[in-house]
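Student: Add chain B to chain A, keeping to what the hints say.
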Amino acid sequence: MTTTTAPRAVAPPSEGRKQAQRKNTWISRGLLSPAVIFLILLTQIPFVVTIGFSTIRWNLLYPLQRGFTGIDNYKAALSSGDLWPAIVATVLITAFAVVFSLLFGLLFAVLLDRNLPGRAIARTLMITPFLIMPAAASLIWKYSMFDTNIGMVNWALQLLHLPIVSWSTEHPMASVVIVLTWQFTPFMMLILLAGLQGQSREVLEAAQVDGAGAWRTFTWITLPHLRMYIEIGVLLGSVIIIQVFDPVAILTKGTGGTKTLAYLLYERAFIGLNIGEAAAYGVVTVVLTIIVATVALKTLFKVFMAGGER
Amino acid sequence: MTRSAKNTLINIGTWLLVLIFFFPVFWMFVNGFKPEAIASSVHPKVIFHPVMTGYHLAMDRGMPDYLRNSIIAATSATVITVVLGIPAAYALSIRKVRSVENSLSFFISTRFMPLAAVVLPLYMILKNLDLLDNIWMLAIVYGAVNLPVTVWMLRSFFLEVPLEIIEAARVDGAGLFREIVRIVLPLVLPGIAAAALITFIFSWNEYFLATLLTSSEARTTPPFLGSFVDGRGQFLAVLSAAATIAALPVIAAGWIAQKQLVRGLSMGAIK
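The listed protein sequences correspond, in order, to chains A and B. In terms of the numbering used here, the first sequence has 138 at position 138, counting the first letter as 1, and numbering is strictly consecutive. In terms of the numbering used here, the second sequence has 153 at position 153, counting the first letter as 1, and numbering is strictly consecutive.
Just chain A, with the same shape it has in the complex (with noise of 0.2 angstroms):
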């Protein structure tokens, strides 16, 4: 008897309880659809049609000649050898703006970190090249910072006695790393600013107390402690810049080995119109930002996941 009425007295409720389970998951699955489907039609839809469009034959000068034409776009990236400069180029501002927009924001951070007077006013001044609009930024520093007449920068050159220098047209390169290493210090200073913050003191005063100097605490604890705040810094950083087209279009209109893949695609799809061709750079900006992103996602996603956790 209680062998039959058990399963019986039991079976109700857990019955019920994966029902309430069920209904749980489509009520979340309801409040996350919106956004899901949303993203999908216009990001992940347009991805794969690009993919697409990277094996067609498809200038729209020649409409007529529209077809598929396997990997010939690649091949024709490759040989007309634009594509490896613009890779090059890609990697190289990308590199330098974060590696030396890293190593300002790590000074400043330091800096502001103290008890310094008028901190307050310090800290809003230095965020402001990241607010302020990038055309705007490329435009202030294309003129009235860079300009062989009016440009402070060889104003202030004069001043020290040494030559003038056509900045965007002598080293079009160092122009844009210039620009954009003052648009990302503040934002690489923000990231580490905050891990600052979050040191123990009693770390450091233990440190203080059994005698390591400035220099030692430095490198022996807050680095490391820092590293977590960096390796954000630095893929945000580099997923950003990589994309970067702004300061190239109003800099140096991609000359002089600034090409970026970003600028490279505007240049062939809506003055080369080549719609195939420059749905091959596209693709070959997501590799390149897969193969940047994962050397640090996943240690990143753990942090990311730590932090996130109740």
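What the hints contain is simulated information worked out from the structure, not anything from laboratory work. There could be a bad hint or two in this list.
EDC-like, lysine to aspartate or glutamate: derived pairs with alpha carbons at most 16 angstroms apart [what the hints assert, rightly or not]:
#1 B:K127 with B:E217
#2 A:K253 with A:E267
#3 B:K271 with B:E167
#4 A:K253 with A:E170
#5 A:K253 with B:D230
#6 B:K259 with A:D113
Selected chain A positions facing chain B (in silico; Cβ < 8 angstroms) [what the hints assert, rightly or not]:
#7 F38
#8 P46
#9 I230
#10 V234
#11 G254
#12 G257
#13 L261
#14 A278
Glycine residues also receive a C-beta, built at the ideal position from the N, C-alpha and C atoms.
Tutor: Showing chain B alone in chain A's frame:
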């Protein structure tokens, strides 16, 4: 050297570096108020009689229209990301059903997809539908670009809501809608504001998509500024004035919301 002397020296050095770093912004602001002849002079002047000529000229070039388009694109994108982001982030934090957790990596990988990967099909589709140069289409695309960041960021705020409060509401028989709107949203209002701010900043400043998907009617401010590159003659004053107007809304918003900025930039990973 005594400790305090050394400290003072570092303080002075820090301020010097900060001011050098800020100088281009300051110079932009100052040049906007100069008469063109002084702004474009070989000898930089700090003391001059300020005029509004640069601002008037910038406005005469049609800037009000570009600004209006920028406002429409940035605010609509912000509304889209918040409206779609809140339920999604809610499902990914407070409800936490295992089978939907995979969406987290979906959102983060979408965040990292370069614009170059999606712009051509979007352009061709909009072209065929005769919707190129339409400000609402640009706003929708901006909404999609910024949605992943918004979801991640909102999720990090939602995770901080104490479960007890939500459970208490459920015990009181609050429905799902009531639970979200009356209980959770008021608690995460600062987070929503921060997420909205990030979308607004990125949409307001965006140049690549704006250049490609708009041409005249729907042109936003960044491509308008970009058109100064082809200018002839002296135009530093009008350029500086236009750049100041274009940059000011975001600079002001960022200054006010400094504390939330780092959290938004790190997608909620750093608090």
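Student: All the hints need checking, so say for each whether the structure fits it.
Tutor: Against the structure, the hints come out as follows:
Our distance criterion of 16 angstroms between C-alpha atoms is met by K127 (chain B) and E217 (chain B), whose separation comes to about 15 angstroms. Under the criterion of a C-alpha separation no larger than 16 angstroms, the hint pairing K253 (chain A) with E267 (chain A) is consistent with the structure, at around 10 angstroms. Between K271 (chain B) and E167 (chain B), the direct Cα distance comes to roughly 25 angstroms. Violation of the 16 angstroms bound is thereby established for this hinted pair. Between K253 (chain A) and E170 (chain A) the CA atoms are separated by roughly 14 angstroms; this keeps the pair inside 16 angstroms, and the hint holds.
Proximity of K253 (chain A) to D230 (chain B) is assessed by CA-CA distance (about 11 angstroms); at most 16 angstroms being required, the pair is judged to hold. In summary, the hint linking K259 (chain B) to D113 (chain A) is supported, as the alpha carbons are separated by about 15 angstroms, within the 16 angstroms threshold. A distance limit of 8 angstroms between C-beta atoms decides the matter here; for F38 (chain A) the minimum to chain B is near 6 angstroms, and the interface restraint holds. The closest approach between the C-beta of P46 (chain A) and any C-beta of chain B is roughly 4 angstroms, which is under the 8 angstroms cut-off, so the hint is satisfied.
A cut of 8 angstroms between beta carbons decides the hint on I230 (chain A): the least distance to chain B is about 12 angstroms, and the hint is violated. Interface hint status for V234 (chain A): violated, as the beta-carbon distance to the closest one in chain B is roughly 12 angstroms, over 8 angstroms. Because the closest C-beta pair between G254 (chain A) and chain B is about 13 angstroms apart, greater than 8 angstroms, the hint is violated. For G257 (chain A), the interface hint is violated, the least distance from its beta-carbon to any beta-carbon of chain B being 19 angstroms, above 8 angstroms.
With 8 angstroms as the threshold, the beta carbon of L261 (chain A) comes within range of chain B, its nearest partner Cβ sitting at about 6 angstroms, so the hint holds. A least Cβ separation of about 6 angstroms between A278 (chain A) and chain B falls short of the 8 angstroms threshold, and the interface hint therefore holds.
Comparing the model with each earlier hint shows violations of hints 3, 9, 10, 11 and 12; every other hint is respected.
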